[in-house]
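The whole structure should be built from the sequences, with the hints applied where relevant.
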Amino acid sequence: HPANPHSSTSRGLGDVYKRQHQYGDYVIQTVAKIMIDNVRAVDVVARYGGEEFAIILINTTAVMSNIVAQRIVDTIADYKFSLNGVETRLSISGGMSEYPTHADNMRQLIEIADQEMYATKKKGGNGITVHKAIDQDLE
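Numbering (the working numbering), first residue to last: 135 to 273.
Treat the hints as calculated values from the structure; they're not laboratory data.
Some clues are possibly wrong.
[To be verified] The calculated DSSO-like cross-link candidates involving lysine-lysine, where the alpha carbons are at most 30 Å apart (straight line), are:
hint, residue 1, residue 2
1, 167, 214
2, 266, 255
3, 167, 256
4, 256, 214
5, 214, 257
6, 167, 257
7, 167, 255
Next comes the structure, spelled out in structure tokens:
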């Protein structure tokens, strides 16, 4: 029997998808490790959706957290991701909010950080935007 071109193509696409999926997993795991390596044992790094992460820095102000966040951003931007001969670089965009300064509940805190992440993306990414409450701007 001659090979069915359609089934070959399907297998080929399946292999490509599998390689892309493996590479995606590798990138997510590597980013998570970089984040974990740059925070304290008491802090929390969690995957929050497909390619989003949340980092909770315990008993730390937004100003001090920004130092840690920028170190993570810079480390990821400088990292050469390489798996099975495929190399790439990437950047991340982050948003930051502080409890209880910016919000009094977790949902609002995450929503504010999310809005700031989109603000970072609009500015070209590869950075962190820290939320500034309106009343703080007036001082």
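Hint check results:
Between residue 167 and residue 214, the direct Cα distance comes to roughly 14 Å. Compliance with the 30 Å bound is thereby established for this hinted pair. With a C-alpha separation of about 17 Å, the suggested pair residue 266 and residue 255 falls inside the 30 Å cut-off, and the hint holds. Among the hinted pairs, residue 167 with residue 256 is consistent with the structure: their alpha-carbon atoms are about 26 Å apart, no more than 30 Å. With a C-alpha separation of about 24 Å, the suggested pairing of residue 256 with residue 214 holds against the 30 Å cut-off.
Simply put, residue 214 and residue 257 have alpha-carbon atoms about 23 Å apart, close enough for the 30 Å limit, and the pair holds. Distance restraint check for residue 167 and residue 257: the Cα-Cα separation of roughly 26 Å lies within the 30 Å cut-off, and the hinted pair is therefore satisfied. Distance restraint check for residue 167 and residue 255: the Cα-Cα separation of roughly 23 Å lies within the 30 Å cut-off, and the hinted pair is therefore satisfied.
This entry satisfies every hint, going by the numbered hints stated previously.
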